[in-house]
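Peer 1: Listed in order, the protein sequences are those of chains A and B. Under this note's numbering, residues 1044 to 1215 are what the first sequence spells out, in order. Under this note's numbering, residues 21 to 780 are what the second sequence spells out, in order.
Honestly, the hints are just simulated from the structure, not real lab data. Just so it is clear, the structure is predicted and the values come from calculations on it, not from any experiment. Any given hint could turn out to be false.
What the hints assert, rightly or not - Each computed EDC-like pair below joins lysine to aspartate or glutamate, with the alpha-carbon atoms no more than 16 Å apart: (1) A:Lys1047 to A:Asp1074; (2) B:Lys580 to B:Glu558; (3) B:Lys47 to A:Glu1076; (4) B:Lys53 to A:Glu1076; (5) B:Lys47 to A:Asp1051.
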Amino acid sequence: MKVKIHLDVNGYRYEEEVDPRLTLLELLREDLELTGTKEGCGMGECGACTVLLDGRPVKSCILLAVQANGRKVTTIEGVEHPDGTLHPIQQAFIDYGAIQCGFCTPGMVLTAKALLEENPTPTEREVRRAISGNLCRCTGYQKIVEAILACGERKTVTVVGEGLNRISKKGS
Amino acid sequence: MTIDPFLIVGKRYPRIDSKDKVTGRTKYLDDLKFPGMLHGKVLRSPYPHARILRIETARAERLPGVRAVVTIEDTPRVPFGSYRSGVKDELIFAMEKVRYVGDEVAAVAAIDEETALEALDLIEVDYEPLPALLSIDEAMKPDAVRIHDDAEGNIASHTVTVRGNPEKGFEEADLVLEDRFETPLQIHGYLEPVGCIAAWDASGRLTIWAPSQNPSWSRIIFSEALNVPIGRLRVIQTFIGGAFGGKLEQKLYLIAAVLAQKAKKPVKMVNTRDEEFQTSMPRVPMRIDLRMGVRKDGLLTAKEHRIFADNGAYTKYASAVVNLGTYRVDGLYRLRNIRNENFLIYTNKLPTSAFRGFGNPQITFAMESMLDHLAEGIGMDPLDLRLRNAAEPGDITAHGFHYISCGLKECFKQVSEAIEWKRKRSQKGSGRGLGISATSHVCGNRSFFPLFDGATAYVRIDEGGNVKVITGEVEVGQGLLTAYATIVAETLGVMPRMVTVEPPDTDVAPFGLGTWGDRGTFIGGAAVKLAAAEARKELLAVASEMLEADPSDLDCKEGKVFVKGSPEKGLPFHEVAATAVYTRGGAPILGKGTFIPNSEIADSTRYGNVSGAYAFGAQAAEVEVDEETGRIRLVEVVAAHDVGRALNRTTTEGQIEGATVQGIGYALFEEVEFAEGVMLNPDYLNYRVPTALDVPPITSLIVETIDPAGPFGAKGVAEPAMTPTAPAIANAIYNATGVRIKRLPITPEKVLGSLRKTKV
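When you get a sec, could you build the whole thing from the sequences and use the hints?
Peer 2: So this is what it looks like as structure tokens:
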């Protein structure tokens, strides 16, 4: 038995006939071919599959596609502006070196986006708490935290030239 | 003030792969699909040790949607092993016996994953359980059954190494200490599960797409196991979502190849997280009996260790880990009288193997813990004891390592100043403590891969001015592609974003040994630099005709080629590149570079200068321990690493920070636990990988010693940065509480238990 659902993904409307057991992650990755959302554990523990559901971060591997019926989903593919300009958080992740293998990055960016929309000037503790459901095994989190904090303070990151030593840290 | 001669090297340019990664465009293995592709799943043993009496696959084969069911009967049955081990104790599937919970028994390829899983349930296997040997002690009992028929006493390897005169060394000591240390089974925990796609073409040529850390090298082993000539096998590396030593040769790739051959369709296989925990190749647990002697004046006189290491059921790289990985520490301090004995023991648990640090975190934890007690025993500051014995440039270690560049003492100086060692160590009684520790590591290892050491790269410039680096070396997330782009950009005078570097395809790339042993930047980077220099020479030769000037009078910088002193009259880089192609029959500019480090294969006693350079580091930690609860709060970690030269400061810091946090996990949280051979915590909820809330600020200090052989002086840093963290934390806890925990991880329960004992 299939269930008919309609949902908005990154500003596009979709009508899909889905198996009621299909997860939102499977719908996104397999049916809609939006592979930017990653599966790290399939059990809601690592956060790699984080997407925004009506602006709130959710773990799409433990959410059913039918639960997204009538709602608005944002994946990493929907974060940059339609003209290709990166979202300030994406730019900050690049500038601050908050990316290594990149597998946690989409989920991390979406969690950060939700945080900053709710709390534009978070403290370090608030940032760490917000991303504590998103595991990263490469970076040790420090540069991710710095990127999110910088975004919070500055709202937008000014891109100067090619990035020559443009990051100055407190005390250095 | 010195003038920085570099435009790109040592700066903070963004990683060249970061824009694709931050927008979700990077394709990892699981993001790929091919028309007609099938999905494979593995049937694994539920027993730690059992005889296989019967396997019946007929029902599974009849299930609609199933395209192939395979067992050992469908494989060539050629025993194979990891290249270096010399032990060939594995087959593609279990034959006659299963040896651990998770051992591969059969596999299915079906039109979708669900059908494949359903078919697994229809395979009937009758087992006769055998006594399971779940610990080193059980496996070494005289009457223990053999896990492998030819391994007497369940010993996979046993080595003894003696240098100098250990007996005399211990006699000369004023204080000799002896103790036992134990290290846990740590899981790599990379976020991207292992996966692959295997496909055969009509002429019998196999292609494997996989996040492989060593595509060229793994081809040798795959060819052996599948009985297919190397030339009929192609490995295409996909972008890797973290590896840390865990994505060397995987049996899954072979199983996919066998399924794809039988089904005549491409087959994709991806591990579940549960499979990642239960069947990946995690860090080798060790029990280390260590004995060290020191004179009153602080000179270390002798060291002896006996290691019992848990190999698990099959020999992957654990023999190299225990034999090539645990003796490096002897050159960290100037030890001359040494006796090392290593036993690698089979048990009925998952096979263990390579993980960042490769044996060094285990033995360094033991030695650096003991150094604090030796210092205490002779009334010396632990930092001073270390400085008294620390390696220096020019040293030839007891095992024959030649240290050319060595910034160990500078690392100690910088960490101790940054953490205010002298001041804080003298303040006692606040529940706070400081600890310090160090590490030395190789940058490549001639002994690890017997065929050759070195790397080759091509730098190709097309008519559009696109600069491409073709390498067989591997980006695992550490930033290697960006390091190579940096080297090329600096040499050719272009911006890093003009340079593209992609994961290797063995049909195109030169043989790359891959990412392990901290070799990627030092060896691979040196090859890239030579290739870039060749390309530059060709570029200037073409430009010299265009500018009617001698090539030696030309320079290229900021995207232009010009006569020295007159950059304003220069030619755009891409114009020279186009002229090169259009005037030379379509030939792009192509530089080839080969770098062979000054390294040698160690002799039969493991003596020899196995690496062309050595990396060093020191870390200090400050902790606060709640003596009521045993709770440990990590206040700060300071990490100073001799990286030769940082090619990119941001990515270098990123390596130090990330490695340190893995070290924090090793110190405080991470341990796989078993009951009756079954893993109790095979998931991220019960196995604690540090989260953003678990880690303190990490201060990374970059020490630059400019190694003469490294590209622009660079050495490695990814591996050594994980090693000193756990002992630094253990020493800080001892300093805070007087409690010495000798078995990692250091949990509040252990601290509290020991505190209670000391108070009684």
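Peer 1: Check the structure against each numbered hint from earlier and tell me which ones fail, lowest number first.
Peer 2: 5
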